[in-house]
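Colleague: Quick mapping for you: the protein sequence lines, in order, are chains A and B. With this note's numbering applied, the first sequence corresponds to residues 1 to 235, in that order. With this note's numbering applied, the second sequence corresponds to residues 1 to 121, in that order.
If you're looking for bench data, these hints aren't it; they were derived computationally from the structure. Any given hint could turn out to be false.
Claimed, not checked - Some but not every residue of chain B turned toward chain A, in silico, with C-beta under 8 Å:
| # | residue |
| --- | --- |
| 1 | 4 |
| 2 | 15 |
| 3 | 121 |
Said to hold, decoys possible - The calculated lysine-lysine pairs, modelled on DSSO-like cross-linking and capped at a C-alpha distance of 30 Å, are:
| # | chain 1 | residue 1 | chain 2 | residue 2 |
| --- | --- | --- | --- | --- |
| 4 | A | 29 | A | 68 |
| 5 | A | 86 | A | 215 |
| 6 | A | 86 | A | 116 |
| 7 | B | 3 | A | 114 |
| 8 | A | 110 | B | 92 |
| 9 | A | 215 | A | 116 |
| 10 | A | 116 | B | 92 |
| 11 | A | 110 | B | 49 |
| 12 | A | 114 | B | 92 |
Stated by the list, open to error - FRET-style restraints, in silico, Cβ to Cβ:
| # | chain 1 | residue 1 | chain 2 | residue 2 | range |
| --- | --- | --- | --- | --- | --- |
| 13 | A | 221 | B | 96 | 30 to 40 Å |
| 14 | B | 106 | A | 233 | 33 to 43 Å |
| 15 | A | 221 | B | 79 | 47 to 57 Å |
| 16 | A | 126 | B | 31 | 41 to 51 Å |
| 17 | A | 233 | B | 91 | 36 to 46 Å |
| 18 | A | 183 | B | 79 | 35 to 45 Å |
Beta carbons: idealized from backbone N, C-alpha and C, even for Gly.
The residues making up each chain are set out below.
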Amino acid sequence: MLQVSLYRYNPETDQEPYMQDVEVDTGGKDLMVLDVLELLKAQDPSLGYRRSCREGVCGSDGMNINGKNGLACIMPLSEALKGGNKLILRPLPGLPVIRDLVVDMSLFYKQYEKVKPYLINDTPAPAIERLQSPEDRAKLDGLYECILCACCSTSCPSFWWNPDRFIGPAGLLQAYRFLADSRDTAQRERLANLDDPFSVFRCHGIQNCVNVCPKGLNPTRAIGHIRNMLLTNAT
Amino acid sequence: MVKAVTSFGRSGLSDWLVQRVSGVIMLAFALVMVCKLGFGGELTYESWKAFFDGICMQVLTTATLLSLVAHGWIGMWAISTDYFTERLMGTKGTVIRLAFQAVCAVVLFTYLIWGLRILWS
């Protein structure tokens, strides 16, 4: 039997959050954490969590698993437990909890919206499509794959303290994704919007974001590129 | 763009650059001091005074004092805007933050004037 400690909170019935200890029979299999949650949900249908694709693409089931943020659907028990026998599940840290493992991601999306995550091009649209060389296209690798699961931003202390002012690693990775795009013509405006003491420069390079990203991306490196672009443009 | 009227240079990039350059200047001063104390021979009042009377040392020390003030302000400002905020403390957050920043400004200014007076008088 697997021991599971679950963060529970229902604002309609609970005064404050608490950790609930439960047991679940995994049949000795190395299940994914999401499979364990499904078994627990069958035992107690009041348990709340988000899920959708169950294959690490939609980014819905980001949560704190044994102290480290990750996607429940692609995290095997063996990796989460690291030899132990207790699975501890909490919601993503730093965001308001709606219920159990479900957090309010409004601030996260507000920061994402700030970087204008879409192509801006003020030149006349070509007949078919805007072309890009293979070399320019390669610059977007390691950037476009982000699934906005919020594991990185919610593991960043700077985002915990200033989620309303620091864009956070996920938003900044996307900011650089459009700054690096050869088809975008708003580079100057994008950089001007980032040159304040909070939006980018609250990153102190501790690399929690790199450590937890379930897609293996490197937001710290992207933030470094943004800083270099700002420096190049301003000196 | 987030507004910040109490930050050192009003621009994130400028603060970031000042912090790095001032860090290098303070490191250079620290290395010179380590060399002086470790390999500078016998330490007497006369040798210490002569060391700081040299124009190179006076320029380096003045640059270090200015760097200390800039570096200190940027760091303490970042701490104050992390922990003493309305989000975390309610309306008193702004009052506490401004009071903390005022104390830091007075202390840093005092260090600067005091240091310059010792060095140049």
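Colleague: Compare the structure with each hint and give your call.
Modeller: Structure-based check of all given hints:
no.	hint	result
1	4	5 Å, holds
2	15	6 Å, holds
3	121	36 Å, violated
4	29/A <-> 68/A	22 Å, holds
5	86/A <-> 215/A	25 Å, holds
6	86/A <-> 116/A	42 Å, violated
7	3/B <-> 114/A	14 Å, holds
8	110/A <-> 92/B	26 Å, holds
9	215/A <-> 116/A	22 Å, holds
10	116/A <-> 92/B	34 Å, violated
11	110/A <-> 49/B	58 Å, violated
12	114/A <-> 92/B	28 Å, holds
13	221/A <-> 96/B: 30 to 40 Å	36 Å, holds
14	106/B <-> 233/A: 33 to 43 Å	36 Å, holds
15	221/A <-> 79/B: 47 to 57 Å	26 Å, violated
16	126/A <-> 31/B: 41 to 51 Å	58 Å, violated
17	233/A <-> 91/B: 36 to 46 Å	38 Å, holds
18	183/A <-> 79/B: 35 to 45 Å	41 Å, holds
The structure fails to meet hints 3, 6, 10, 11, 15, 16 from the earlier list, while all remaining hints are met.
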